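Engineer: Use the sequences and the hints to build the structure in full.
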Amino acid sequence: MTSIKKRSVVVAAVATLLASTVLVSVSAQSANAAPAANAAIKKAMDTPTTLTFWSWLPGQQNQVDLFTAKYPKIKVKLVNVGSGGAEYSKIKAGLAAKAGLPDVAQIEFQYVPTFKVLNGLANIAPYLSRTWKSQFPAWISAQVTDSNGGVWAVPQDSGPMGLLYRSDVFAANKITPPKTWAEFATAAATLHKADAKQYISNMVMDSGNMNGLYWQAGARPFKMTSSTAINIKLNDAATKKVTKFWGDLYSAGNLPADPYWTSDWNAAFNKGKFLSWPAAAWGIGTVAAAAADTKGNWRSAPLPTWDGKAVSGNWGGSTVAVMSTSKNVIAAAVLADFVNTDAAAAVSLTKPPTGDFPVMNTVLSSAAFSSGTNEFYGGTTVQKNFADYNATVGKNYEWSPFQDQVYTYWTNDVLDAILKKTDTAAAVDKWQADTVAYAKAQGYTVTTN
Amino acid sequence: MSSKKFYMTKKSNLLTLIMLILSTYFLIPLIWVITSSTKSVTDLFSTFGLWFGKSFQLWHNLRLVFTSDAGVYKVWLMNSLIYSIVGALGAALLCTMAGYGFSKYKFAGSTAIFRTVLAAVMIPTAALSIPTFIIFSKLGLVNTRWAVILPSLISPLGVYLMKVYSDTSIPNNMIEAARIDGATEFKIFKSISLRMLMPGFVTVLLLSIVGIWNNFFLPLIMLSETNLQPLPVGLFIWYGRAYNGGSGADPEFQVAVIASAGLSLIPLIIVFLFLQRYWENGLSLGAVKE
Amino acid sequence: MSNSSLKSTKRTGLFFVLPFFLLFIALLIFPLIYSGYISLYHKGLVGGNKFVGFENYVKMIHDPLWLSSVIRVALYFLLQVPLMLIIATFCALAIDSGKLRFPKFFRIAIFIPYAVPAVIGAIIWSYFYGYNYGFLNTVLGYFHIGKVNFFATQLSSLNSISALVTWEFAGYNMIILYAALKGLSTELYEAAAVDGAGAIKTAIRIKLPQLYPAIFLTLIFSIIGSFQLFTEPLQFQNLAPTTFNDQYSPNVYAYNVAFKGQQLNYAATISFSLGLIIAIVATAATLIGSRKGEKLI
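Chains as they are written, first to last, in numbering that gives the first Met the number 0: chain L, 0 to 448; chain A, 0 to 289; chain X, 0 to 296.
The hints are simulated quantities; they were obtained by calculation from the structure and are not laboratory data. Where hints are given, some of them may not hold.
Calculated pairs, DSS-like style, for lysine-lysine (alpha carbon to alpha carbon, straight line, at most 30 Å) [what the hints assert, rightly or not]:
1. X:K259 <-> X:K58
2. L:K326 <-> A:K137
3. X:K200 <-> L:K270
4. L:K439 <-> A:K137
5. L:K76 <-> A:K73
6. L:K439 <-> L:K232
7. L:K196 <-> X:K42
8. L:K222 <-> X:K58
9. L:K192 <-> X:K146
10. L:K326 <-> X:K58
11. X:K42 <-> L:K97
12. L:K326 <-> L:K76
13. A:K53 <-> X:K146
14. L:K76 <-> X:K259
15. L:K240 <-> X:K49
16. A:K9 <-> X:K146
17. L:K76 <-> A:K137
18. A:K137 <-> X:K146
19. L:K439 <-> X:K49
20. L:K132 <-> L:K383
21. X:K58 <-> L:K439
22. L:K429 <-> X:K42
23. L:K232 <-> X:K58
24. A:K9 <-> X:K42
25. L:K420 <-> X:K49
26. A:K137 <-> X:K42
Values in this document were obtained by computation on a predicted structure and should not be read as measured data.
Structural biologist: Written out as structure tokens, the structure is:
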């Protein structure tokens with residue numbers, strides 16, 4: 000952060016700086032938060048408080064119940080105001096109006112920078128233990144922290160990607176799970192040729208899904224070089240390669256263009272129209288819920304690779320963040336942390352009805368998690384498989400502070416071109432140009448290296 | 000009327016048939032929502048849309064509607080009723096007073112003001128939602144009930160309807176007579192005119208109730224707290240939950256969305272059936288100027 | 000109105016009008032002016048609020064996304080409104096003709112969808128339009144007709160939305176027209192009947208011309224309504240994200256610009272312009288549609 004302009008950012012930075020010096024000075028005595036912070040936390044947790052918590056996570060109440068059992072003075076009002084975009088629009092409207100915001104909110108990884116730049120998030124670093132970061136894989140904690148020691152959200156789950164596929168249909172067509180994308184393309188043609196009603200998968204119509212595949216291929220489109228300067232490189236070779244790959248598959252007629260998340264889309268898994276899905280870990284549950292009739296026939300494999308080297312991408316995953324407008328930041332921070340990192344809470348997140356893919360190292364490496372089998376996936380250890388893919392997720396991925404807009408342009412420019420079967424490289428260039436123009440209009444200094 | 004009766008006696012089967020075909024277009028979606036409210040998710044996609052499915056699980060679906068999210072559906076229903084009734088009563092009263100004022104009194108600028116109000120019929124309310132949101136956010140009104148009620152109090156069309164209604168239904172000499180008897184202007188309005196204006200009042204009330212009950216854009220942006228939302232916004236969120244992917248997706252929830260959609264139609268359909276004559280009486284005013 | 004009342008009641012008149020008028024200023028005129036005012040400013044994610052004059056308008060005119068949204072609603076208006084008004088007029092005339100059996104049933108059947116909130120209407124119709132397992136394609140399947148993608152192109156999506164909105168609003172317009180028909184004097188019919196004119200002839204030759212002002216009124220309301228298209232495309236976005244994009248209609252665009260793109264000033268510009276466009280189109284329609292010496296509104 001070389002040219003800090005906004006006062007609130009300065010304040011936040013100073014607070015962070017103070018907090019981190021305090022932390023450093025006491026680190027010798029205690030691995031936990033500073034004594035001053037500890038006293039403040041203790042006081043906050045003993046004061047009767049009501050916190051509002053927005054989350055669309057099924058079963059989140061279970062973790063909240065664990066929290067209120069430990070901190071009986073704190074009441075938590077858990078509200079589902081809609082998933083993803085529906086909730087974000089409400090938070091943005093609330094930030095513009097400075098009204099109607101919760102204390103704590105579920106926010107996906109890719110939107111943490113967006114809400115940070117809108118001054119919507121509180122830095123909770125002062126209320127966390129010094130070793131807090133090391134509880135997560137490094138690439139996960141990197142998603143919610145900044146170089147000044149600020150912590151803007153607590154990771155809840157992640158979405159390392161793998162391939163979910165119908166082993167019965169694959170076997171019947173003498174296809175082994177594709178190791179490379181070239182094999183995937185061949186399998187796509189074989190399967191559709193064998194039966195015109197079946198496709199290897201749907202066209203990747205979802206911006207987040209495609210972004211995970213770009214991530215896998217090595218795209219690193221954004222880098223904040225200061226709080227007001229950003230490097231944007233959406234049109235790199237990797238992105239163009241992936242886009243062309245899917246565009247070609249679609250043009251050849253080997254993929255249908257079914258929009259995601261519709262009732263039709265769910266039914267297509269059940270009725271054998273889609274035979275695989277390059278999905279995130281949470282897709283394990285999505286397919287199981289959608290395709291009950293095909294129980295036992297699904298398996299998982301690593302994502303096909305581009306060059307034989309095992310690399311995965313990530314799609315989605317959530318965090319829990321404290322809103323800057325909260326009047327009870329300390330209690331809110333403890334809640335956000337507790338529901339995700341408390342030992343019992345973290346384990347319960349991975350259990351039904353939630354079924355999150357864990358971000359805590361302790362859970363990821365636990366015997367209970369890796370030995371867990373899933374009947375829908377033929378009794379295989381599908382979660383352990385994804386834990387393996389998780390270890391291969393490409394590092395150092397940064398999001399833009401206006402990711403909504405980036406995805407809107409992707410749909411307008413790139414997806415539209417694929418579906419219209421026009422030049423995908425030109426479409427990716429337009430995506431870049433639109434995003435750069437937007438960033439400039441928002442006042443950013445933009446570089447495109 | 001005798002001659003009207005004369006050709007009313009000869010009914011046309013062809014016309015009836017054409018209308019029957021046309022009305023299937025209007026009724027099929029309603030039949031669909033009734034039958035689908037009783038189905039399981041599997042039946043929803045595998046059984047015929049206009050008949051009941053293999054399993055009849057209306058009660059299960061309704062229980063889902065009323066128990067999901069700690070019974071928030073009841074709260075939404077209540078909110079919709081509050082917004083519609085308070086907003087519509089306020090709007091109807093304001094429109095009746097203003098329409099009466101424009102009709103029976105001449106005051107400085109009354110013509111200019113009336114023309115302005117009339118021109119405002121052309122201003123789309125949805126286009127005002129975002130600026131109103133910004134203004135309300137500065138006044139601290141966002142995320143309060145007032146944010147929905149206040150804008151719905153203003154109905155330029157209602158003022159126009161009530162002016163026309165006052166023009167035609169209250170004779171000026173009746174007001175004059177009351178004045179000669181020594182009644183104050185407000186008393187004349189309260190005890191004589193208001194009663195004669197009642198049919199028009201009810202029409203504006205109905206128009207406003209429907210308008211507010213169906214309003215989506217304004218409450219969508221004004222209210223972030225679930226407990227303040229009216230039904231359409233609530234159902235929009237539930238709809239999103241049933242279909243949007245990610246960790247929050249719950250395809251099973253579709254049946255709750257459909258059942259709650261069906262359920263939400265009942266109050267307004269009752270209002271429609273019972274107050275139907277007011278539609279025709281009142282709307283003829285706007286349409287035909289004597 | 001007599002002169003005596005004119006004098007003594009000046010203030011009283013204002014008293015009746017004032018409560019409405021104050022709220023009218025505060026909640027309609029002021030937001031309108033305010034949106035015009037903030038449309039002259041620009042505030043980015045970084046950097047402060049600054050006066051930019053008409054820059055937002057220049058940007059808007061050169062914004063292909065905005066232009067596409069306006070063209071789309073204009074096209075939608077042309078597709079949807081005439082058909083809806085023809086159906087409404089036909090139904091009103093049919094019910095009024097006296098030749099129809101069960102007229103009350105038809106009146107209610109056609110009117111009732113108006114009671115369905117747009118959000119719920121869109122939920123229902125989203126199940127009708129589903130490609131693989133939607134109701135309409137299932138029915139077409141019974142007749143061995145291939146599947147139709149109702150949202151394949153912008154044009155077919157407009158048709159699909161038109162069918163939904165016509166379903167919702169034809170009854171409302173029908174009731175306005177039917178009410179107008181009931182208000183017509185019956186003497187003319189009687190004369191026609193004496194002349195031996197049938198019900199069809201009476202409807203076309205005598206009733207329809209007299210219905211003109213009422214039809215016109217419904218047209219004006221439909222202009223205002225169709226240019227404000229919002230709920231249906233927002234709800235259908237899941238079903239066809241590239242078709243129902245973030246700039247499907249000016250209102251959808253303004254909403255996304257405001258709450259996705261964080262550009263409240265630009266959103267206000269779009270809202271303000273939309274109000275202006277509707278006012279211009281509606282006024283133009285009024286001027287064109289007004290017959291000599293007759294004021295329609």
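Engineer: Now look at each hint and say whether the structure bears it out.
Structural biologist: Each hint, compared with the structure:
1. X:K259 <-> X:K58: holds, 18 Å
2. L:K326 <-> A:K137: Holds, because 19 Å separates the two Cα atoms, which is no more than 30 Å.
3. X:K200 <-> L:K270: Between K200 of chain X and K270 of chain L the Cα gap is close to 56 Å, so the pair fails against 30 Å, i.e. violated.
4. L:K439 <-> A:K137: holds, 28 Å
5. L:K76 <-> A:K73: The given pair, whose Cα atoms are some 18 Å apart, holds under the 30 Å limit.
6. L:K439 <-> L:K232: Roughly 14 Å between the alpha carbons, so the hint for K439 of chain L and K232 of chain L holds.
7. L:K196 <-> X:K42: Cα-Cα ~51 Å, so violated.
8. L:K222 <-> X:K58: Measuring from Cα to Cα gives roughly 27 Å; hence the hint holds.
9. L:K192 <-> X:K146: Roughly 20 Å between the alpha carbons, so the hint for K192 of chain L and K146 of chain X holds.
10. L:K326 <-> X:K58: violated, 40 Å
11. X:K42 <-> L:K97: Holds: K42 of chain X and K97 of chain L sit about 17 Å apart, inside 30 Å.
12. L:K326 <-> L:K76: Judged against 30 Å, a Cα distance of about 15 Å means the pair holds.
13. A:K53 <-> X:K146: holds, 25 Å
14. L:K76 <-> X:K259: Satisfied, since the Cα-Cα distance of roughly 26 Å is no more than 30 Å.
15. L:K240 <-> X:K49: Distance ~41 Å between K240 of chain L and K49 of chain X Cα, so the pair is violated.
16. A:K9 <-> X:K146: violated, 43 Å
17. L:K76 <-> A:K137: holds, 26 Å
18. A:K137 <-> X:K146: violated, 51 Å
19. L:K439 <-> X:K49: Distance ~15 Å between K439 of chain L and K49 of chain X Cα, so the pair holds.
20. L:K132 <-> L:K383: holds, 23 Å
21. X:K58 <-> L:K439: Judged against 30 Å, a Cα distance of about 14 Å means the pair holds.
22. L:K429 <-> X:K42: holds, 25 Å
23. L:K232 <-> X:K58: holds, 24 Å
24. A:K9 <-> X:K42: violated, 69 Å
25. L:K420 <-> X:K49: violated, 42 Å
26. A:K137 <-> X:K42: Holds, because 16 Å separates the two Cα atoms, which is no more than 30 Å.
In terms of the numbered hints stated before, the structure departs from hints 3, 7, 10, 15, 16, 18, 24 and 25, listed from lowest to highest.
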